[in-house]
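Given the coordinates of chain A, work out where chain B should sit on it, guided by the hints.
Same order as they appear, the protein sequences are chains A and B. Take the first sequence: its letter number 56 is residue 56 in full-length UniProt numbering, and every next letter is one higher. Take the second sequence: its letter number 84 is residue 84 in full-length UniProt numbering, and every next letter is one higher.
Simulated from the structure, these hints should not be mistaken for laboratory data. Among the hints, a few may not be true.
Below 27 Å or equal to it, Euclidean Cα-Cα: the simulated DSS-like pairs (lysine-lysine) are [to be verified]:
1) K80(A) with K7(B)
2) K7(B) with K25(A)
3) K155(B) with K94(B)
4) K22(A) with K7(B)
Note that the coordinates shown come from a computational prediction; the quantities given were computed from them, not determined experimentally.
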Amino acid sequence: MNDSLYLDEARDPLIIAEGWMKDGKDVAIATVVETWGSAPRPVGSHLVIDADGNFHGSVSGGCVEGAVVSEAVDVIGSGKARMLEFGVADETAWQVGLSCGGRIKVYVERLG
Amino acid sequence: MDPYALKALNAERRARRAAILVTDLGDGRDRIVREGDQVAGDLGAAIAKAFRSGNSGSVEAEGRTFFLNAHLPQPRLLVIGAVHISQALAPMAKIAGYPVEIIDPRTAFATPDRFPDVALHAEWPEDVLKRQPLDSYTALAAVTHDPKIDDFALKAALDANCFYVGALGSRKTHAKRVERLLALGAAADQIARIHAPIGLDIGAASPAEIAVAILAQTIYAFRSRGLDVSASAQRSESILEKHDA
Numbered sequence: 001m002n003d004s005l006y007l008d009e010a011r012d013p014l015i016i017a018e019g020w021m022k023d024g025k026d027v028a029i030a031t032v033v034e035t036w037g038s039a040p041r042p043v044g045s046h047l048v049i050d051a052d053g054n055f056h057g058s059v060s061g062g063c064v065e066g067a068v069v070s071e072a073v074d075v076i077g078s079g080k081a082r083m084l085e086f087g088v089a090d091e092t093a094w095q096v097g098l099s100c101g102g103r104i105k106v107y108v109e110r111l112g
Numbered sequence: 001m002d003p004y005a006l007k008a009l010n011a012e013r014r015a016r017r018a019a020i021l022v023t024d025l026g027d028g029r030d031r032i033v034r035e036g037d038q039v040a041g042d043l044g045a046a047i048a049k050a051f052r053s054g055n056s057g058s059v060e061a062e063g064r065t066f067f068l069n070a071h072l073p074q075p076r077l078l079v080i081g082a083v084h085i086s087q088a089l090a091p092m093a094k095i096a097g098y099p100v101e102i103i104d105p106r107t108a109f110a111t112p113d114r115f116p117d118v119a120l121h122a123e124w125p126e127d128v129l130k131r132q133p134l135d136s137y138t139a140l141a142a143v144t145h146d147p148k149i150d151d152f153a154l155k156a157a158l159d160a161n162c163f164y165v166g167a168l169g170s171r172k173t174h175a176k177r178v179e180r181l182l183a184l185g186a187a188a189d190q191i192a193r194i195h196a197p198i199g200l201d202i203g204a205a206s207p208a209e210i211a212v213a214i215l216a217q218t219i220y221a222f223r224s225r226g227l228d229v230s231a232s233a234q235r236s237e238s239i240l241e242k243h244d245a
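So that you can see chain B by itself, here it is in the shape it has in the complex:
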């Protein structure tokens, strides 16, 4: 392995950015491909697939055998709001492989009693996100219903290109939210990425069912990210249309 490739790979991993180490198993030469780098041909197609799945493996291309070692940051879910939905969502998401952190400045809500074994921040999102910036391998679900708490976090999630951004609230609530986010300087196409009403349309009624709907939508967003953007956007649009119907 090229020492510079190792240093570059570790730098990407420390920064929570996805990278693939591509090794030619014939001559041992290797290089780092970062997410978004353009690689042509069959090798490029295999690399794109490895970025999406996170699976490593060998691939035959250009008459050679390459090993692709995919290093994806651990996806995680940040929940704004220590509410009833979050109590169900936190353990479910953890089981599904998405570690959860919860932010809620209301100390009566964000108690370790209500959220055992969850990383909990009883602070304003502004303060927590200053310390711990968001990134594209983070999903953000805003479920407080309170603009004072949700809005800043939603804007930050859009700016950081979080792979999933969801917000609780009816279409009417969301229309008002859109106006506030525009006033905060968010672009319209950014705001269009927000899943609101939050969660897949599975007719969820109880807080636990809503948690399932949010988690399913998060997983879908993660597994469909990056590739075939227009098709996945259409699919999520059709989900929203069903909400509207």
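The following block holds chain A by itself, in its conformation from the complex:
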């Protein structure tokens, strides 16, 4: 019943985000807020990103993380939250998509 068995502090995105904040870094948090079809990561999943583009966690099986990271760096700069949508046919807005055929909505916000 050691807590570390149940909360992996070295990999947990929200614990990492708090640590980055303590180190004085600028941080963005991306959260899966909606999924349709076969989405790779469940609603509530997090990706945390710092201003240099370092990241932890995941919002998809690796399909759209690159795009989310570059959006997140903009969000850190502007402080304005964004809602991103990714789907397999969604080629107009984004250069990336989900090969599994699902669709996801990701909320990207700055910490603080």
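Showing chain B alone in chain A's frame:
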């Protein structure tokens, strides 16, 4: 996200307490709601539902869209007794998503040979629970049949408000147990929370079937916890009545 909200959320998660981060997707403002906090209206109803299911999602309330991110501690099952039932229960519970730990001071019972891949403590519950306190996301099943081993753990589980407390033994055995727990200082309404005889009444006969009955009752207790207490209490009473019949 508000940095204070993040710190508060992580503190709850580290302490194995349930919390929901509520974000207004319109203006980005967020706040932490802890289990037991009162929130009015449609939003409050959605929050209560998210605490029970553990599912995150968006909700429309008061003309706004909120995202509820539910952070529930991983439920777990602590078994007192490295007995035959536990040998079947441990792998079943693990598959169902309830990691298991087993405590039994009898070193001949609590052997890694008999319990491969299980977190095993060949110590008295008093010693283990001092190090690793129980909490409301833990289920406790006492199956040794030995008051010296079971009683302390049962009292500790009631005091920690474990979401499930079950004890092996006939009604006669349980009546004696009730007297001992009263003598240990447990309140009568606390003792009433103990499921004894343990497990759903499915006519289980073999140790493996009894394990199924215990696991099913644990899952039911977890999924019905917190909400509509009177109705769920009635339902478990009717289960016990069937036992008595």
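These are the hints, each one checked on the structure:
| no. | hint | result |
| --- | --- | --- |
| 1 | K80(A) with K7(B) | 21 Å, holds |
| 2 | K7(B) with K25(A) | 15 Å, holds |
| 3 | K155(B) with K94(B) | 25 Å, holds |
| 4 | K22(A) with K7(B) | 10 Å, holds |
Checked against the numbered hints above, the structure breaks none of them.
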